[in-house]
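One-letter residues, chain by chain:
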Amino acid sequence: MSQLDVVGKSFPQIAAQGKANGKTKFVTDLVLPRMLYGRVLRSPYAHARIRSIDTRRATALAGVKAVVTYEDTPKIKFGPRSEDWTIFAADKVRFYGDEVAAVAAVDKDTAEEALELIQVEYEELPHVISPLDAMKPGAPLVHEDKPGNIAAEFKIEAGKIDQALDESYVVYEDNFYTNQVYQAYMEPMATLADVDLSGRITIWTGTQIPNMMRMTYAKALGMSPDNIRIVVPEYGGAFGGKMENNIHLVAAVLAQKSGQPVKLVNTRHDDFISGNPRVPMHFDIKLGATRDGILTAKDVKVVGAAGARLVYSQVIVATACYRVDSLYRFKNVRAKGYTVYTNTVPTACFRGFGNSQSTFVLESAMDELAVRLKIDPAELRIKNGIGPNETSVHGWKIASSGLRECVIKASEAANWNQKMKNKTPYKGIGLSCCNHVSGNRPFAREFDGGSGIVRIGKDGRVSVFHGESDMGQGQNTAFAQIVAERLGVTMDMVNVAQVDTDISPFGLGSFATRGTLMGGNGVLAAAKNAYDQMAEVAAELLKASTDNIQCRKGVFFIKDSPETRISFREVASQATIKYHGAPIVGTGFYQPPTELPDPETKKGNISPAYPFGCQIAEVEVDPDTGQVSVTNFVAAHDVGRAINPMATEGQIQGGIAQGLGWTLMENMAYQDGKVINSDFVDYIVPSCFDVPDIKSILVEPIEPNGPYGAKGIGEPALNPTMAAITNAIYNATGVRIKELPVNPQKLLAEMKKRDKQLKG
Amino acid sequence: MNHMPIRLVVNGEDYHLSIKPNRVLLDVLREDLELTGTKEGCGLGKCGACTVLLNGRPVHACLTLALQVDGCEITTIEGIGGKEMHPLQESFIEKGAIQCGFCTPGMINTAKALLDQNANPSEQEIKQAIAGNLCRCTGYNKIVDAIQSCSCKSVKKEGEHK
Chain A
0 MSQLDVVGKS FPQIAAQGKA NGKTKFVTDL VLPRMLYGRV LRSPYAHARI RSIDTRRATA
60 LAGVKAVVTY EDTPKIKFGP RSEDWTIFAA DKVRFYGDEV AAVAAVDKDT AEEALELIQV
120 EYEELPHVIS PLDAMKPGAP LVHEDKPGNI AAEFKIEAGK IDQALDESYV VYEDNFYTNQ
180 VYQAYMEPMA TLADVDLSGR ITIWTGTQIP NMMRMTYAKA LGMSPDNIRI VVPEYGGAFG
240 GKMENNIHLV AAVLAQKSGQ PVKLVNTRHD DFISGNPRVP MHFDIKLGAT RDGILTAKDV
300 KVVGAAGARL VYSQVIVATA CYRVDSLYRF KNVRAKGYTV YTNTVPTACF RGFGNSQSTF
360 VLESAMDELA VRLKIDPAEL RIKNGIGPNE TSVHGWKIAS SGLRECVIKA SEAANWNQKM
420 KNKTPYKGIG LSCCNHVSGN RPFAREFDGG SGIVRIGKDG RVSVFHGESD MGQGQNTAFA
480 QIVAERLGVT MDMVNVAQVD TDISPFGLGS FATRGTLMGG NGVLAAAKNA YDQMAEVAAE
540 LLKASTDNIQ CRKGVFFIKD SPETRISFRE VASQATIKYH GAPIVGTGFY QPPTELPDPE
600 TKKGNISPAY PFGCQIAEVE VDPDTGQVSV TNFVAAHDVG RAINPMATEG QIQGGIAQGL
660 GWTLMENMAY QDGKVINSDF VDYIVPSCFD VPDIKSILVE PIEPNGPYGA KGIGEPALNP
720 TMAAITNAIY NATGVRIKEL PVNPQKLLAE MKKRDKQLKG
Chain B
0 MNHMPIRLVV NGEDYHLSIK PNRVLLDVLR EDLELTGTKE GCGLGKCGAC TVLLNGRPVH
60 ACLTLALQVD GCEITTIEGI GGKEMHPLQE SFIEKGAIQC GFCTPGMINT AKALLDQNAN
120 PSEQEIKQAI AGNLCRCTGY NKIVDAIQSC SCKSVKKEGE HK
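Chains A and B, in that order, give the protein sequences.
Numbering-wise, the first sequence is residues 0 to 759 according to numbering that gives the first Met the number 0.
Numbering-wise, the second sequence is residues 0 to 161 according to numbering that gives the first Met the number 0.
Hints are supplied without guarantee of correctness; some may be wrong.
[What the hints assert, rightly or not] Quick list of in silico lysine to any residue cross-link-like pairs, SDA-like style, CA-CA up to 25 Å:
(1) A:LYS107 <-> A:ASN676
(2) B:LYS19 <-> A:ALA59
(3) B:LYS19 <-> A:THR109
(4) B:LYS19 <-> A:GLU112
(5) A:LYS24 <-> B:GLU12
(6) B:LYS126 <-> A:ASN742
(7) A:LYS159 <-> A:PRO598
(8) B:LYS19 <-> A:LEU60
(9) A:LYS694 <-> B:GLU124
(10) A:LYS694 <-> A:GLU404
(11) A:LYS396 <-> A:LEU697
(12) A:LYS24 <-> B:ASP31
(13) B:LYS126 <-> A:THR624
(14) A:LYS330 <-> A:GLU378
(15) A:LYS22 <-> B:GLU33
(16) A:LYS107 <-> B:ASN1
(17) A:LYS422 <-> A:ASP621
It is worth saying that the hints were derived from the structure and are not from the lab.
All figures in this text were calculated on a predicted structure; none of them were measured in a lab.
Just chain A, same shape as in the assembly (with noise of 0.2 Å):
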C-alpha cells in the first residue's frame, strides 16, 4: 500500500470543538417551537393485572396537552425480532417500569403533575425475576401463551462432544453466573418527535439501528416505514444500550394526539428501569484438554433472563454459546442456550453481546485448566490461539489473526514471567484473551455490508453521507479519515452529515463491532466512486489520462510531473460548471464476503474479519476487608490496522473501565421484583480513582477485508476484561471467582472458605 497521509494519524474528534465549548446540540439540547414535555407513567409492580385507567384529572389539568394510553395507540403486537411487543401495557404489567400511560404537557412540572392525576387500578400477580426460577414447573408465566417462559431455545453441535470429554486428560467442570449490568450512557434515552401536516412523523433520536428501527417502529404504527424519518444528532453514549425503545414510540403517540412535537427525556431512574441492560447469564461448563495443554473439547449450557420482552436476547445468548469457540482450535463443542422470560426490564445488548459473558467463563475455566496443567497460562492460551488464515469450528474464516502476538506483547509489557515467578501475598497478576466480530451476517438476514454517498460541492467541500451511527465513539471521524485518504484531500475539506433516514444511504447501524469495517468499506466505496469522477474532470484540465494523475493534501497532479497541478477545489468548481450545477456524488457499497449460517449445523463464515485480543490485570486485595484495586492494565489489541490511534486507545480504555466497572462494582438489584438502586447514588460506576493507567498496545497485522486493513475494536476492548481482574484475584487469593461481580463482602466470605480448606 502506498503511503497513507491521513489513515493511521491520531486526529481529534471532527466534532470535539463543539463537544468541548458546549455548542454541540445533544438530543436532550434539541428545541421546536410549541414543544411540549412528556412524562411516562410506568408500573409500580413486577407483574400486575391493569383492572382501570382513569386519565381524565390528567386530561383537566391546565396545560396538559395529550393523555395516552394503550386505548390510543393501533394495538399492533411488534418487535424487532419476536413480536411481544405493544407501545403500552395492554392488559397487563409484566415488569417495574412497563409503560402504562404517559402525558404531554406545556412544562415538565405540569407534566409531573399530571402523571400524578392519573389513576391505575392493579391486581398484583405473582412475579418471578431469576430465569432458573422462571424455567420451574409451576412458575408465574410472564406471557401466557409461552408454557415455561421458554422465549427461544438455540442448539449448536460440532465434532464427537462426549468421546473427546471421555478421551480428555482433564475436564473442568463448573456453574457460572454473570449479572445484570446497566450501560450507563451519560446522556439518558431521549426523543423529540413531531408530525407534518400529512401524518409523516420525524424522529430525532441518539440510537444505533436508524434504518433498521424505522421498519420495527412503522409496524408497531401501522404506518408505511416511508411515513416515518429517523434523524440522528450527536449523542450521549450507547454502549448497545440504544436501539428499540417504547420510548421513541411513546413520543411519536404524544406528538400525534397533541398535534405538537413533543421532547421526551428519561430520568435517570427511568432509563435505569426501562431501558436495556445487559442479559444476566447462567453457565454450565466443561472444558477438556490432554495432559500437553491442548484445548479437547467444550460443552455449556446457558440460561439468560430476557426479561418481560424480547428485544434482542435471544441473539445474545445464542452469541454466549458458541462464538468464543473461534478463539481457540476448537474441534469439539456443543452449547445449548435457552432465553427465559422473566418479570425484569428487557435485557438487550450492551457492549460483547453476550460475548463477554462467554469469554469471563472460558477464560476462568482456561486458568482452572492451566492450574491442573502446571501450564503457565499465556503459554496455555499461545499453544492453543487461532492463527491467520484458519478456519475456525464453525467454519469462521480467519483472514488475520494477531492473538499470538497480543499475548506475547501484552506478556512483555506487564513484565509477566517474572511477576508470576516472584508471588507477593495478597497482589496477583491475571490474563485474558478474547475474540470477536467486524460485523455478524445472521444479525440482520436481508444482507449484510456497508454503503455510502460522497458529495462533492462547488467549493470542494466533501460530505459524507452513511447510515452507521457515531454514539461518541468516533466513527464519524473514523469516516472522515477513510474518505479523506481516498479522495487525497486534507481532514479539514470533509464533513460528516448526520444520519438522515430521508436522506443517508440504508445503513444497518453500529453494532457488532462493524461500523469501521462495513461502514468504512462503505464510504470507502463512495470515496473511490466520487474521486473518479473528479479525476475524468482534472485529467481533462492538466491534460493528462486519469491513470497518470494523482490527487494528494488537496491537490491534483501529473504523477510524473508534481509541478503541474490543479487545487482539488478549482476541480470541484470546474466539474460543477461542466455539469450545470450538479455536485460530484460518489456512491458505492461493500458486500461482504460472508455467508448466512446453516440453520442445522450453524456453520459458516458470519464476518469478514475477526478481531482479538489479549488484556492483563494487576490487583491488590486487602486481606481484611476483601476490597480489591486494580492497580495496573495492559491491553493488547490485534485492530487489523488503527484508522485513528488515539480513538482506538481510546475505545480500549473506556472498554476496560467499563468491564472493571461490571468486575467489581456494577449490579442491578431487585427486591420484591423491583430494581432497587436505579440512580447513580446507588449503582456506582467506575470514577477516575477505580480506574487504574493503561498502556495500550496496537497490534497491526492490516486485515485483508478491512478499510485499509481495519477491523473493529468497540466490543474486544471489553470481552476480556472480567476474567482478567478475576484470574488476577485467583492469582491474589487462590479464590476463584464464578459470579460477577466481586465485591468485598464475597471476596473476603470466599476467602475464609479457602482459609478453612486449608486448615480442614
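Given chain A, put chain B in place with the hints provided.
Okay, now just chain B, sitting in the frame of chain A:
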C-alpha cells in the same frame, strides 16, 4: 406558584428573570437562557455533568435552586473561553479526552476551578478534583492527561491577560 424576580450574571452578562421558586439553576440555564452546554446526567448531583462555576467554584447546577444564587456570577462552558478556546478545551480536544462529550462541559469546568486554585496539580489532586465527574466512554486516562498537560500552559495564558 408565584414567580419571583432574580438576577443572574452568567458568563459576564446580566439577566433579570422572573421564575418559579422551585426551579433549579440547571433548568434556568438550559431552558430560559438557552445555554444548553450544561448537561443533566442524573439530577441528583452524582455524575457532575451539570457542573458550572459559581463565583469561580464548581457546583452541581441540578441541585442548586436558582433563587439561592440570586445576584451571583455563574460561568458555564459557553463562557469559559470567551471568544477563543480555553487551553483546557484545546487540551481536551488534542488529547482525545472527548468521546461522546456529554460529560465534557462539567469535566472542563471542574478542571478549570482546580487549575485556578492550583496551577500545577499532581495526578492525585487532579483525580480528587474530578472524582465526582463521571465519564463512561474514556476510562479517564486521557482526561487526566489532558488536565495535566495543560496546567502550565493555562497559567501562562492567564498571566498574559493580566
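How the hints compare with the structure:
1. A:LYS107 <-> A:ASN676: With a Cα-Cα distance of about 24 Å, the restraint between LYS107 (chain A) and ASN676 (chain A) holds, given a limit of 25 Å.
2. B:LYS19 <-> A:ALA59: 22 Å, holds
3. B:LYS19 <-> A:THR109: With Cα atoms ~13 Å apart, LYS19 (chain B) and THR109 (chain A) stay inside 25 Å; holds.
4. B:LYS19 <-> A:GLU112: Roughly 15 Å between the alpha carbons, so the hint for LYS19 (chain B) and GLU112 (chain A) holds.
5. A:LYS24 <-> B:GLU12: Answer holds: LYS24 (chain A) to GLU12 (chain B) is near 22 Å, not above 25 Å.
6. B:LYS126 <-> A:ASN742: 23 Å, holds
7. A:LYS159 <-> A:PRO598: Holds - the C-alpha atoms of PRO598 (chain A) and LYS159 (chain A) are around 19 Å apart, at most 25 Å.
8. B:LYS19 <-> A:LEU60: 18 Å, holds
9. A:LYS694 <-> B:GLU124: Given that 25 Å is the threshold and the Cα spacing comes to 22 Å, the pair holds.
10. A:LYS694 <-> A:GLU404: Distance of about 16 Å is within 25 Å: holds.
11. A:LYS396 <-> A:LEU697: 22 Å, holds
12. A:LYS24 <-> B:ASP31: Status holds; Cα separation ~16 Å.
13. B:LYS126 <-> A:THR624: Distance of about 24 Å is within 25 Å: holds.
14. A:LYS330 <-> A:GLU378: 20 Å, holds
15. A:LYS22 <-> B:GLU33: Holds - the C-alpha atoms of GLU33 (chain B) and LYS22 (chain A) are around 11 Å apart, at most 25 Å.
16. A:LYS107 <-> B:ASN1: Cα-Cα ~17 Å, so holds.
17. A:LYS422 <-> A:ASP621: Roughly 16 Å separates the two Cα atoms, so the pair holds.
Violated hints: none; the structure is consistent with every hint.
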